[in-house]
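Undergrad: Here is how the chains run, residue by residue.
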Amino acid sequence: NAGVTQTPKFRVLKTGQSMTLLCAQDMNHEYMYWYRQDPGMGLRLIHYSVGEGTTAKGEVPDGYNVSRLKKQNFLLGLESAAPSQTSVYFCASSYGAGPGNTIYFGEGSWLTVV
Amino acid sequence: DAKTTQPTSMDCAEGRAANLPCNHSTISGNEYAYWYRQIHSQGPQYIIHGLKNNETNEMASLIITEDRKSSTLILPHATLRDTAVYYCIVRGYGGSQGNLIFGKGTKLSVKP
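Residue numbers (this note's numbering), protein chains in the order written: chain L, 1 to 114; chain H, 1 to 112.
It should be emphasised that the hints constitute simulated quantities derived from the structure, not laboratory data.
Hints may contain errors.
As the list claims (entries may be wrong) - 35 Å max Cα-Cα, derived DSBU-like pairs, lysine-lysine: (1) H:Lys52 / L:Lys57; (2) H:Lys104 / L:Lys9; (3) H:Lys52 / L:Lys71; (4) H:Lys111 / L:Lys57; (5) H:Lys3 / L:Lys9; (6) L:Lys70 / H:Lys69; (7) H:Lys104 / L:Lys71; (8) H:Lys3 / L:Lys57; (9) L:Lys70 / L:Lys9; (10) L:Lys9 / H:Lys111; (11) H:Lys3 / L:Lys71; (12) H:Lys107 / L:Lys9; (13) L:Lys57 / L:Lys9.
Claimed, not checked - Listed next, with one range per pair, are the computed distances between beta-carbon atoms: (14) H:Gln42 / L:Met27: 41 to 51 Å; (15) L:Asp62 / H:Ala17: 44 to 54 Å; (16) H:Pro76 / L:Ser80: 46 to 56 Å.
We put the CB at the ideal spot given by N, CA and C, even for glycine.
Make a model of the complete structure from these sequences and hints.
TA: Structure below.
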């Protein structure tokens, strides 16, 4: 019953360092998403993928890269971390497109850039 | 996606039903009403969604008015663990995939 799993849960980075957040889902979902949540801002979509080998930009893609080499995994990379990227990151997935397909979220990854 | 209006906060006694209203007066015919909740420091948790008909699952019931302009989420027997921020979201086919617009939500406090 894992659903959507994110690693790591907590990380502190220095400005300029790089890191990768890993998201794994065991529901055989085609669609996967990365969001960030900041106080008072709600969820904002960073990047998403509509299937293995595909990626697309969301609302706030700058400073992030993603890859979907396997259907069950969606990686979010920060090449050169900045303090503005301090946030809580949520991965999510859904079976298909369209509003009738429920989006399920992971538990979040807390990132602090100092 | 259409906008929603929810009360800022609500209280509910433990064991009683919690009824959370949502106004979505500009909802269009192919847009769904979704409910998520977020317990402090956790990821958004899906609760239920509906298009036209009332829906029920193991967590809650969703009552949608006949004109679809509002809906009510019902937690039949609220527990302390149901204390969370509840978001009513309208999802349609517009915008990029996965674009969920979370408003301020309703902070539900379940009290002993």
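Undergrad: Would you pick out the hints that fail for this structure and give their numbers low to high?
TA: 4, 6 and 14
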